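K.L.:
One-letter residues, chain by chain:
Number of protein chains: 2
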Amino acid sequence: MSRNSLSRRRFLQASGAAALWLPTSVAGYTAAEMRQFYANGEMSVNVSKWELDTPALCVDLDLLEANLDRMASTMSTNGIASRPHAKTHKCPTIAQMQMDRGSVGICTAKVSEAEAMFQNGIDNILNTTGNVTPTKINRAMNLRQQCPGFIQATDSQDNARLLSEAAVAKGIIADVVVDVDPGIRRTGTPFGQPALQLAQLVDQLPGLNFVGMLCYDAAAQHVVGFETRKAQTLERMVQATDTFEMMKASGLNTEIFSGGGTGTYNIDHDTKGLTDVQVGSYVFMDAQYISIGGEEDNEVYSDFHTSLTIMTTVLNDQYEGKATSDAGAKACTINQPWPIIKGETGMSYRSGSDEFGTITYQEDASRTYKVGEKLEVIVSHCDPVVNLYDQMYAIRGDKVEAVWPISARGMSA
Amino acid sequence: MSRNSLSRRRFLQASGAAALWLPTSVAGYTAAEMRQFYANGEMSVNVSKWELDTPALCVDLDLLEANLDRMASTMSTNGIASRPHAKTHKCPTIAQMQMDRGSVGICTAKVSEAEAMFQNGIDNILNTTGNVTPTKINRAMNLRQQCPGFIQATDSQDNARLLSEAAVAKGIIADVVVDVDPGIRRTGTPFGQPALQLAQLVDQLPGLNFVGMLCYDAAAQHVVGFETRKAQTLERMVQATDTFEMMKASGLNTEIFSGGGTGTYNIDHDTKGLTDVQVGSYVFMDAQYISIGGEEDNEVYSDFHTSLTIMTTVLNDQYEGKATSDAGAKACTINQPWPIIKGETGMSYRSGSDEFGTITYQEDASRTYKVGEKLEVIVSHCDPVVNLYDQMYAIRGDKVEAVWPISARGMSA
Chain W
0 MSRNSLSRRR
10 FLQASGAAAL
20 WLPTSVAGYT
30 AAEMRQFYAN
40 GEMSVNVSKW
50 ELDTPALCVD
60 LDLLEANLDR
70 MASTMSTNGI
80 ASRPHAKTHK
90 CPTIAQMQMD
100 RGSVGICTAK
110 VSEAEAMFQN
120 GIDNILNTTG
130 NVTPTKINRA
140 MNLRQQCPGF
150 IQATDSQDNA
160 RLLSEAAVAK
170 GIIADVVVDV
180 DPGIRRTGTP
190 FGQPALQLAQ
200 LVDQLPGLNF
210 VGMLCYDAAA
220 QHVVGFETRK
230 AQTLERMVQA
240 TDTFEMMKAS
250 GLNTEIFSGG
260 GTGTYNIDHD
270 TKGLTDVQVG
280 SYVFMDAQYI
290 SIGGEEDNEV
300 YSDFHTSLTI
310 MTTVLNDQYE
320 GKATSDAGAK
330 ACTINQPWPI
340 IKGETGMSYR
350 SGSDEFGTIT
360 YQEDASRTYK
370 VGEKLEVIVS
380 HCDPVVNLYD
390 QMYAIRGDKV
400 EAVWPISARG
410 MSA
Chain E
0 MSRNSLSRRR
10 FLQASGAAAL
20 WLPTSVAGYT
30 AAEMRQFYAN
40 GEMSVNVSKW
50 ELDTPALCVD
60 LDLLEANLDR
70 MASTMSTNGI
80 ASRPHAKTHK
90 CPTIAQMQMD
100 RGSVGICTAK
110 VSEAEAMFQN
120 GIDNILNTTG
130 NVTPTKINRA
140 MNLRQQCPGF
150 IQATDSQDNA
160 RLLSEAAVAK
170 GIIADVVVDV
180 DPGIRRTGTP
190 FGQPALQLAQ
200 LVDQLPGLNF
210 VGMLCYDAAA
220 QHVVGFETRK
230 AQTLERMVQA
240 TDTFEMMKAS
250 GLNTEIFSGG
260 GTGTYNIDHD
270 TKGLTDVQVG
280 SYVFMDAQYI
290 SIGGEEDNEV
300 YSDFHTSLTI
310 MTTVLNDQYE
320 GKATSDAGAK
330 ACTINQPWPI
340 IKGETGMSYR
350 SGSDEFGTIT
360 YQEDASRTYK
370 VGEKLEVIVS
380 HCDPVVNLYD
390 QMYAIRGDKV
400 EAVWPISARG
410 MSA
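Top line first, the protein sequences correspond to chains W and E. Mapping of the first sequence onto numbering that gives the first Met the number 0: position 16 corresponds to residue 15, and the numbering continues sequentially without gaps. Mapping of the second sequence onto numbering that gives the first Met the number 0: position 342 corresponds to residue 341, and the numbering continues sequentially without gaps.
If you are wondering where the hints come from, they were derived from the structure by calculation, not from laboratory data. Since the structure is predicted, the reported quantities are computational estimates derived from the model, not experimental observations.
Non-contacting residues of chain W with respect to chain E, defined by C-beta distances greater than 12 Å in every case (computed):
id, residue
1, Phe36
2, Asp68
3, Pro147
4, Lys169
5, Glu226
6, Ala230
7, Thr240
If you anchor each label on the Cβ, the simulated ranges turn out as follows:
id, chain 1, residue 1, chain 2, residue 2, range
8, W, Thr367, E, Ser72, 44 to 50 Å
9, W, Glu319, E, Val103, 31 to 37 Å
10, E, Gly120, W, Ala65, 45 to 51 Å
11, W, Gln95, E, Gln196, 53 to 59 Å
12, W, Ala65, E, Glu254, 53 to 59 Å
Each residue gets a CB set at the ideal place from its N, CA and C atoms; glycine is no exception.
With the hints as constraints, model all of the structure from the sequences given.
P.N.:
Next up, the structure:
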């Protein structure tokens, strides 16, 4: 894919080299123009990704669809459902693609994210983070009032009581899952008796309907090496399973036992009782995830493709051994490993400067860049990068096929 | 300021402790509600910053105004102008406050940022980054067509020719400064002859009007220790001054020699010929800047106040020695030093997790937090943090006085 893009680009460069100082792109479109084309159904203008004003966030549709398909087929083979986490993409279009492939619902990290998803047609939403203030509890129960498929997580008895009060005040009975801590001590109630007692309280409260539990082991997702990751994940989830069994044995409704993620998607079905996996990053992958290794390749986690990239333009080529581009920390974040230049070798990319990226050439660099030339980098860590952009370009081959609003961008509240 | 806020908060907590599980905030307002109040002129509702839905970006008006005033008076005393960089705040309201205090214009890092400023009433803008693609050159010259006070930087002869062609095509003569590299080798042309020749070319091109040069020593701004910073800055700027003198001697129009920043604001007037300082972070300060030391206090850079904070809510308090809050990397970035909890001692804050902040208590922690309680953190690095939010709350005392749109949020193109 990237080799083809670059070949075409080199062809364009060679064929357009009438004046040495002409940038290689002969046309170009701003974000506003692209939104307009898309809104007017004018994507037949056939814009190449190399013509986009930069920095531009792009998702390769062939790769995205392959990722979605692989996840759906693995889940199906393993006899477990997926409930993908929308905190990764914040994009209702991708959420819908996940639902269309059989996901039982989506997860959201914040109630504002859930609202944005619901306002854009997604109506089966599990909000995995507790809402603890009157404002947030009110928002969550307002959303539940409009969206019967909304499920809220809770991790304390006090919070469950407040949720119930708010639900009763609105005349609804809200579905609730108990968030159980897998040992990270970040959110969630401890497993065993505290979790059981909370579940029983939720079950008894007049405004709430207990539907199960979630236990998301965030720390497990990036454990390097498949076998190590597998062993650790399954060991840590034993107590979650025991807790779920206790809930079941006590006669509670236990239709949901949600957990796991992209790093453990082909491990989680071995956790007894788990009903669905909260996979997120698999849609895009990133420099962080590919370095954890997979079942098939212990060096590179190659189960999914790196579909999410940033197009950036070289601004300065005057200094030996390096070039400066227009995508810095505000366009790439400062997460590490740093972005990876797609299709090239012998060079590195750093986005440590707020406004500028730095390309550093090693002796064996596959090429160098001139001012005005564009390059494509694989993102460092997909979730916070997506959160910087209002839209992403959906690319097929080199062509922009759609402009997708990132409707939950900035929805951290 | 922070002590008062906390006293008031503790008073509220104490007086509102009827039910143990009630969050301390008895009312609360979402971002959308706050925007509505402000748009309708209803700020008389008297919302406290402790009632804001979180995460919320807040600027303390007394501190901001003190920062603006101190900068204006220092510049006046030192006989040099300021041309503040709007990349820091991305907020036209603050740009206007800077202009009202005598700044000769503002700087922008990207043409989209410049457009957002112009669309919101700021009409004296120096865009410090080169625009090198046809799209961007067109955008810049379109802006110049509407805004005669727009000045564009360039750092290469090829680029100057393209700018001139675009200006001629639009029937305008655009003001241009030459960007001279202070030795960072990031953007800019080398000083001496290359800079002079570029200036002469700009002067001769039919569509351009040469108005001077800029030389921004980004690396100097965060040098720790005032005397070290001063010595390095002045030494590195000598060749910029020589270059400016060469331009002057060759008969060029040299009305602008712009450089320097917040870290060197009280040093830059000693650079011979410098006309204005591109100060940015002084409006907000942050954890990064306060650690560089100042002229008066070599440990803490106390010339300006840390006016920019994030309000965050505690989501989980069940685990010994720590608490989890709702402002993680998507609300705070992962820049370090980490955010600083305002008005408290013996505890630290980390925003390394995408969705959650972690408060870690040391043995001598000044307090602990319960679920639903809010805390205020000083931002790590103001520029990229501002870029995450659509609005900032302008706070006087504890009260929200205004809701300012961050009009250039996400404008990295």
